[in-house]
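Now for the letters of each chain:
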Amino acid sequence: MAQPRLNLKNVTSLLVDRDNFTRGLIAQMLRGFGMEPPLLAGSGAEAKAFLESSLPDILFLEGALPDMTAAELIGWIRRQSKKNLRFVPIIVLSGYTQMRLISAARDGGANIVLKKPISPQTLFDRILWVARTTRPFLETSNYVGPDRRFHDVLPPDGQYKREFDAPLAQEA
Amino acid sequence: MKMIHFPTTRLSEMVARAGGVSRSDAVEGAMAQMESMRGESDNVIEAAISAVEAVALAASARGKFTKAQMLDILRHGDQIVTLAGTFGYAPLDIASRSLCDVTDGLLGAGLDDPAPILVHVQAIRMMAPRATPLKTEEIEKILAELKKVSAHFNFGPLSQTAGACEFEEVAPVTS
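These protein sequence lines map, in sequence, to chains A and B.
Everything in the first sequence is counted per the working numbering, starting at 1 for the first residue and increasing by one.
Everything in the second sequence is counted per the working numbering, starting at 1 for the first residue and increasing by one.
For the record, the hints were derived by calculation from the structure and aren't laboratory data.
Quick reminder that beta carbons are idealized off the backbone N, C-alpha and C, glycines included.
There's no promise every hint is true.
Here are the computed lysine to aspartate or glutamate pairs in the EDC-like style, where the Cα-Cα straight-line distance is at most 16 Å [stated by the list, open to error]:
| id | chain 1 | residue 1 | chain 2 | residue 2 |
| --- | --- | --- | --- | --- |
| 1 | A | K48 | A | E72 |
| 2 | B | K2 | A | E139 |
| 3 | B | K2 | A | D147 |
| 4 | A | K9 | B | E13 |
Computed spacing ranges between beta-carbons, pair by pair [to be verified]:
| id | chain 1 | residue 1 | chain 2 | residue 2 | range |
| --- | --- | --- | --- | --- | --- |
| 5 | B | L134 | A | N84 | 24 to 34 Å |
| 6 | B | L118 | A | N142 | 37 to 47 Å |
| 7 | B | K141 | A | R79 | 38 to 48 Å |
| 8 | A | A45 | B | E28 | 29 to 39 Å |
| 9 | A | W76 | B | S60 | 34 to 44 Å |
Could you put together the complete structure from these sequences and hints?
Set out below in structure tokens:
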């Protein structure tokens, strides 16, 4: 059966990672997918400066930036008045020693968190999952971001992580 | 007050356009782009291992690690894990994860004993991409010894600290 074709041409992104080589590596993956070369930033402050003047279609953030955590940067993004920026899809890429920050990134409003090393297959599938999955976007006093529960939509790996996420029909 | 939106993003509109590439073509394109960076990646791994060695040497002379030195090792170790995993250097990937686990464990426990870190540094040097290739049984023996070090201190893998949330176990790129 022919695979569906997916159009990532002209899709713009901002890639924020402290390490120059890692930025280059992920940028190459994105170019391989047919996306535009990403804007590159090495810190949270640089990323904010970019986002003040431009609006990428998707963001990729390292879990721990030199000047702030990804969760702090996401918190800033999710509370911006420009709606298009507030709702922008955000993928956090966590290093092996940054795993304690994963829950914080999720609770900060990331769409999804991926653990490095990241294969092109995984990155491609997760970009598409983020693009094609409609998740409610919540704004509350202590959380702004995509709904963290998966009642109606399966997580990208198809596995429910928490018992109370599974639909009632599955429990029967 | 709670507000619920159902936003349509530009990304979702763009991927719905006609045309584009199949998944396999996209992934193949990305793999080719990445593979072109293997040589440069090997240089970065070498530099990170040298940086870890320099920190270890300084600590060894002093007889103990400072917190700053351990954090330095974790920073370089993280990079080695990422690149070793990405480019399919499995033994180096395991050894460098173990280095990070032990360093993080010592840091958390307030210990500064250099020996557990030094043995890991020697191991990752032997498994570097440009080191003389080891036999499978030699690699297994080294990795088994590293495992004993973690077991001695009862340090678990850092990956267990993540808690339950969505993140991925991934396959490395293989050449």
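Right, here's what the structure says about each hint:
The suggested pairing of A:K48 with A:E72 holds, with an alpha-carbon distance near 11 Å, which does not exceed 16 Å. Restraint check: the Cα-Cα separation between B:K2 and A:E139 comes to about 6 Å, which is no more than 16 Å; the hinted pair holds. Restraint check: the Cα-Cα separation between B:K2 and A:D147 comes to about 12 Å, which is no more than 16 Å; the hinted pair holds. At most 16 Å may separate the alpha-carbon atoms for a hinted pair to count; A:K9 and B:E13 meet this at roughly 12 Å.
For the pair B:L134 and A:N84, the beta carbons lie near 53 Å from each other, so the given range of 24 to 34 Å is not met. Our hint of 37 to 47 Å for B:L118 and A:N142 holds, since their Cβ atoms are close to 45 Å apart. Separated by about 54 Å at the C-beta atoms, B:K141 and A:R79 break the suggested range of 38 to 48 Å. Checked against the given bound of 29 to 39 Å, the beta carbons of A:A45 and B:E28, roughly 37 Å apart, stay inside it.
Checked against the given bound of 34 to 44 Å, the beta carbons of A:W76 and B:S60, roughly 42 Å apart, stay inside it.
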